[in-house]
Amino acid sequence: MKKLLPMALILVVSALTARAQNPATPNSTPTTPATKTVKLCDNKTTVQVPADAPKTRAEGQKISDALMAQWKEANPNTGWEQGEVEAHQVIPPADNSALVGVGQSSTYGVVTQQTVQVWKNETYKTALYGSKVFHSGDELGSEIGVSCDMCHPRAANTHPETYPKFQPQLGRVAMLRDMINWCIEHPVRGKVLAADDPKMRALEAYIIAQRKGTPLDYGKR
Amino acid sequence: MSDSKKTRHSKTPHIKSVETRYLEERQSLMTGLQHLDRRSFLKVSTGAMAAAVAAGASNHFHSFLPINVAYAGEGPAGPGFTFAYISDSHLYIKKNNERFVRQLLRAVDDVNKLDPQPDFVFYGGDLAQLGRKEELDLGAQILKSVKAPLHMMVGEHDWFYDLGHHWNELFGPENYSFDHKGVHFVVLMSVHEKDFWTARGMDPAERMHTVAGLDNAMQSAFEVGAPQRDWLKKDLANISTSTPIIVFSHSPLYKLYRPWNFWTDDAEDVQSILKPYDHVTVLHGHTHQVLTNRIGNIQFHGMLSTAWPWPYAPQGLPALTVQMNRPNPFDSNDGLGDGTVTVHPDGLVDKLYNLWNRNPMQVKASYLSSGGKSDVPAAPTLASY
Chain S
30 MKKLLPMALI LVVSALTARA QNPATPNSTP TTPATKTVKL CDNKTTVQVP ADAPKTRAEG
90 QKISDALMAQ WKEANPNTGW EQGEVEAHQV IPPADNSALV GVGQSSTYGV VTQQTVQVWK
150 NETYKTALYG SKVFHSGDEL GSEIGVSCDM CHPRAANTHP ETYPKFQPQL GRVAMLRDMI
210 NWCIEHPVRG KVLAADDPKM RALEAYIIAQ RKGTPLDYGK R
Chain E
45 MSDSKKTRHS KTPHIKSVET RYLEERQSLM TGLQHLDRRS FLKVSTGAMA AAVAAGASNH
105 FHSFLPINVA YAGEGPAGPG FTFAYISDSH LYIKKNNERF VRQLLRAVDD VNKLDPQPDF
165 VFYGGDLAQL GRKEELDLGA QILKSVKAPL HMMVGEHDWF YDLGHHWNEL FGPENYSFDH
225 KGVHFVVLMS VHEKDFWTAR GMDPAERMHT VAGLDNAMQS AFEVGAPQRD WLKKDLANIS
285 TSTPIIVFSH SPLYKLYRPW NFWTDDAEDV QSILKPYDHV TVLHGHTHQV LTNRIGNIQF
345 HGMLSTAWPW PYAPQGLPAL TVQMNRPNPF DSNDGLGDGT VTVHPDGLVD KLYNLWNRNP
405 MQVKASYLSS GGKSDVPAAP TLASY
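From first to last, the protein sequence lines are chains S and E.
In this text, residue positions in the first sequence follow the working numbering: the first is 30, and each later residue adds one.
In this text, residue positions in the second sequence follow the working numbering: the first is 45, and each later residue adds one.
Hints are computed from structural coordinates only; laboratory data are not their basis.
Some clues are possibly wrong.
[What the hints assert, rightly or not] Looking from chain E toward chain S, a few residues come up when the C-beta cut is under 7 Å (computed):
# : residue
1 : N140
2 : L258
3 : A261
4 : W304
5 : W352
6 : P355
7 : F374
8 : Y429
[To be verified] Here are the simulated DSS-like cross-link-like pairs (lysine-lysine), alpha carbons at most 27 Å apart as the crow flies:
#  : chain 1 : residue 1 : chain 2 : residue 2
9  : S       : K220      : E       : K138
10 : S       : K220      : E       : K139
11 : S       : K241      : E       : K299
Please read all numbers here as calculations on a predicted model, not as lab measurements.
Cβ coordinates follow ideal geometry from the N, Cα and C atoms, glycine included.
Based on the provided sequences and hints, a complete structural model is requested.
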């Protein structure tokens, strides 16, 4: 999907910039002076271009397109996060930017803008992955093409704030993950997940993310 | 063993459980309600009382025993009539998912068992899940066993793989009208969407997959569209304002909750076309729940799904909606069902939601006409979170 590309484009642009700053590209292959190698900033993807190629914008675009095409082929799933954000509008985690500049003594040192961004990105990415699994019968291993969002659009009526609670049908006190697994096994007809399975952790993260701000009320029916 | 028990056993060669007998009595009572004049009311209620007495429970009446007697006399819709509905079956091909197939078969059984038979059965859209030819063919094949005449409506799950091509081949045009016993029926195609797929380079399968996700924000809003609104104006041009009108649309013809497309973008324009008419009812699918609304002269009712229930939207719920119970995840058919529509002589309708595995819910025209003051349906014991 075209929406997933901006990150990759940045890579290409930076590669071209590097080339422009240093016209005598160090990556030129010495044995074949008729061509030279242009390398993407991933340090892996390369294309061969004629050494005497005119240094025009059009020619540069051709090179970047060739690099992009290769890179996209090698990284087909890159950018799924952005697709997930656009399609399912996962609620972002708490904003901790008020902590920027505050010291945390020995553990982190001073909290920087970057620290806050890392906290946010990593947390959000887990919820986004949860959204991806939640909305995909294939990711859930469903034998009948059923996914969680069919009964719970945007995780509605999943009420994570009410767990743990006693579920007579399960014969014990259920945690959110127990109900997730019940649904995976029965309505979805997939295989139950281990409590620490990355998909289970992500599903919990997504469901909790979508109820952000709801007061906890464990045991509520 | 008491006398009453002996009598009961001698009458029934197979011993039935209390629950089976209860369900059978309820079924016969609800069936009797379909064409309710004074004579059949007496028959039905006497039957229920006799059954209760025979069961040794003379002080134990059912909660759904009717109190009101049917309307007397005739109106634009003659003495009135009933039709049944099935909606939102979301069939995959059979080998991928037999559960949704079984559930549609259950609904077909339900309407075929109605006695007397309804005048016709209306299908409310989303017969298929991903709009594939095989899914629509399977649905068409199952619906062939419906005994009463069948009228079809298209849903977005039927449409966005081939933009209606195969659905039209099977069932004809997606918008049409017909007259039945003095009522003018209009079937709309309310789930057109502005092109969101070309700019994204989506193929038909991706387009269908995007629309199939209720909460997928990449898609556009549903709309009837200007050409069809013009068609509607022409269709109604020769209909007198005293003629009752019943409109079918897959999406609700009002704006409820945009993030789930419980929404029709040009709803106000369509409503204004319907405004001059005295008695207008809109029946819609898509929302998979008991849903009730009234805007001016127009009364709105949702239809139940046979595939899965939707929760109530977090915002925008019409004040007149009395929610159905929160579906129980441990009961795979809870919150699902089909139902019947009783058309009164004046053309307004009582809507029966035949919730499988629960007591049915009836939302009466008098409830809506009175602005929610009389004949209020029973509130749910478990509302949405």
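**Hints not upheld, ascending by number** = none
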